Amino acid sequence: MVATNSDRLITMSVQGNIVSPGYPGIPAVPHQIDHEGRPRLLPSLGGIVYNVRLGDSVYGWAGDNIEPGIAIKAPDSAANQALNVFACVGNEAVAMSGNAKGARGVVTGKSGRFAEHVIISFPADALEQMAIGDKIIVRARGVSMTVDNYPGVHLKSLSPQLFETMRIEENDGKLTVPVRAIVPPELMGAGAGLGSESGAICIQSMDRKALEKHGLDTLRLGDIVAMSDYDSAWGHGYRKGGMGIGVVSSTDSIKAGYGPGVTLLMTAPGGEVDPMVVDRMNLADLMGIEWGRA
Amino acid sequence: MVRTNKDKLIEMAVCGEVWPAALRTPYRPNAQGESVVFMGTAGVILNARVGDRAYGWAADHVEPAVSMRNREDGPEHALHYLACIGNPAVMVSGEAKGARGVVTGEHAHILVDFEPDDLERIAIGDQVQIRALGMGLEMLDYPDISVRKMSPQLFESLRIEEIGDGRIRLPVAAVLPAYMMGSGAELGADYVDQDMMSNDRETLAQLGLDDLRIGDILAIQDHDHTFNRGYREGAVTIGLINHGDSFMTGHGPGVMDLLSCATDKIEFYVDTKNRPNLAAYLGIGNKSLA
Numbered sequence: 001m002v003a004t005n006s007d008r009l010i011t012m013s014v015q016g017n018i019v020s021p022g023y024p025g026i027p028a029v030p031h032q033i034d035h036e037g038r039p040r041l042l043p044s045l046g047g048i049v050y051n052v053r054l055g056d057s058v059y060g061w062a063g064d065n066i067e068p069g070i071a072i073k074a075p076d077s078a079a080n081q082a083l084n085v086f087a088c089v090g091n092e093a094v095a096m097s098g099n100a101k102g103a104r105g106v107v108t109g110k111s112g113r114f115a116e117h118v119i120i121s122f123p124a125d126a127l128e129q130m131a132i133g134d135k136i137i138v139r140a141r142g143v144s145m146t147v148d149n150y151p152g153v154h155l156k157s158l159s160p161q162l163f164e165t166m167r168i169e170e171n172d173g174k175l176t177v178p179v180r181a182i183v184p185p186e187l188m189g190a191g192a193g194l195g196s197e198s199g200a201i202c203i204q205s206m207d208r209k210a211l212e213k214h215g216l217d218t219l220r221l222g223d224i225v226a227m228s229d230y231d232s233a234w235g236h237g238y239r240k241g242g243m244g245i246g247v248v249s250s251t252d253s254i255k256a257g258y259g260p261g262v263t264l265l266m267t268a269p270g271g272e273v274d275p276m277v278v279d280r281m282n283l284a285d286l287m288g289i290e291w292g293r294a
Numbered sequence: 295m296v297r298t299n300k301d302k303l304i305e306m307a308v309c310g311e312v313w314p315a316a317l318r319t320p321y322r323p324n325a326q327g328e329s330v331v332f333m334g335t336a337g338v339i340l341n342a343r344v345g346d347r348a349y350g351w352a353a354d355h356v357e358p359a360v361s362m363r364n365r366e367d368g369p370e371h372a373l374h375y376l377a378c379i380g381n382p383a384v385m386v387s388g389e390a391k392g393a394r395g396v397v398t399g400e401h402a403h404i405l406v407d408f409e410p411d412d413l414e415r416i417a418i419g420d421q422v423q424i425r426a427l428g429m430g431l432e433m434l435d436y437p438d439i440s441v442r443k444m445s446p447q448l449f450e451s452l453r454i455e456e457i458g459d460g461r462i463r464l465p466v467a468a469v470l471p472a473y474m475m476g477s478g479a480e481l482g483a484d485y486v487d488q489d490m491m492s493n494d495r496e497t498l499a500q501l502g503l504d505d506l507r508i509g510d511i512l513a514i515q516d517h518d519h520t521f522n523r524g525y526r527e528g529a530v531t532i533g534l535i536n537h538g539d540s541f542m543t544g545h546g547p548g549v550m551d552l553l554s555c556a557t558d559k560i561e562f563y564v565d566t567k568n569r570p571n572l573a574a575y576l577g578i579g580n581k582s583l584a
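Taken in order, these protein sequences are the chains called A and B.
Under the numbering used here, the first residue of the first sequence is numbered 1, with each subsequent residue one higher.
Under the numbering used here, the first residue of the second sequence is numbered 295, with each subsequent residue one higher.
Just chain A, with the same shape it has in the complex (with noise of 0.2 Å):
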């Protein structure tokens, strides 16, 4: 077992509220233009959403960068900005009023610049309870988290829960990660340059030949990817040997440039970091979240 810090990290709640999909008003033209130009109406960002889990292909929806289960965001931009960094994937979130009160849920990933959403996985019938404005607390355990012994690993948004399940191996001074599959530096989209203690970054899938010809074709919410020569340390940008874990958190785009969002977990601009490709390597499976699994 690699040994971390995590028994000096402090427990603390971090709340937001479901957050409704919106649109622009009048002059009622609220479509997004497609990578072919066309433009199309589809349900985005927000919302609780029914039927997209957890484990689910990234593609062939008719939405665009669907956060499955439930998205939830502070009124306060201080306190969603809390929210938004301290949460980590595979920290527990529970249901603190409405109908669904009581319910317990797990982080599955964050959204970027023009969301700032967290995403939560719930059960169904917890999802059949809940109203939007719902206050949702999570129990945010995990920044700061460090790597004994590894001073160039960056860990972000990554909970001890989740970090204790990704089977990571020390191997000659570095550590391997099982991935679904390795995303080259020319296919990261959105989100370059942007911070990376929180929001994501895209898989860009306007070129399906590229998706295939990296095995990026077959994408589930919650899969663990690599991102091969990108630095993720203080913002997300190309670097050589440089190499970060996340984890496919949203639906794919329709947009050029966009695509699967994905939640930065680790990076290593130095490259300590070696990810093995492996046939299945996804959250539900990590976390044990039942109602998530394929």
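It is worth saying that the hints were derived from the structure and are not from the lab.
Predicted model only: the values in this text are computed from it and were never measured.
Watch out, some of these pointers could steer you wrong.
Stated by the list, open to error - According to the in silico footprint, chain B covers these stretches of chain A (three or more CB under 8 Å from chain B):
1. 33-39
2. 103-115
3. 146-152
4. 225-234
5. 237-245
6. 250-257
As the list claims (entries may be wrong) - In the DMTMM-like style, the derived pairs of lysine to aspartate or glutamate whose C-alpha atoms are separated by at most 25 Å in a straight line are:
7. A:K240 x B:D354
8. A:K240 x B:E311
9. B:K559 x A:D34
10. B:K581 x B:D505
11. A:K213 x B:D558
12. A:K209 x B:E527
13. B:K559 x A:E36
14. A:K213 x B:D516
15. A:K240 x B:D438
16. A:K240 x B:E527
17. A:K240 x B:D505
18. A:K209 x B:D558
19. A:K209 x B:E561
20. A:K101 x A:E290
21. A:K174 x B:E561
22. A:K209 x B:D438
To be verified - Sample of chain A residues lacking proximity to chain B, with all beta carbon distances greater than 12 Å (derived):
23. P269
24. D274
25. W291
Idealized CB from N, CA, C, for every residue including glycine.
Position chain B relative to chain A; hints supplied.
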């Protein structure tokens, strides 16, 4: 001569004011995680102009010469979308009233070049008006190639040749691989720029991209910016360096979109003798390139 619809374009005034620099917090992390004071955008920059080096400034995202914007959201976005590179600007208030400048870029602000004597006399808050001309510009015989943010004057100075089979060819100062494109992927291609990523200095030097100048015309390989900005094998985008380098991960000199094609209709070659740069093309900024 490449046929365009330039005689059908509308010439329209847009305006704004010279905008002050602002600091939320003095420090931000650079790519190495060290705290750095960020300075470079906004205000009047007296010593960095189009044609000057994009790298090496002790500053971040340097916006050459004058940075302007409009206080109101609607007019501000009119300025962003209507103002085109090469459009004439005029100071309409302040000590430099009547001074004439040229639009050189669109970033957090609209960037306008003025002569040094005028720059000395321009105050924050002085009003600037631009005669916007270029939105809607099309190449009549090349419908697959999108044209953006260019005055007809800049378009005609790009030395575009027609080479048959529906293709064009033009000189560039350098060529960017797709993996170097960073911040700005999340924005529409009709808005500001996308930074090339400069943190990996070794790769930058290997690719010959470490001596770029503000105003350089570049090609981006395998990038289609016809509708938003993204990777597409075989596509080509032609852009313009509008601001200086950055300390931040995923940032670097900004590349504004000028031409883009989803297929291989745009050919390019690197011209090391007559550097394709806005300063030379429009006779502005650092005259050493003219």
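Legend entry - Hints violated by the structure (numbers, ascending): 3, 8, 15, 21 and 23
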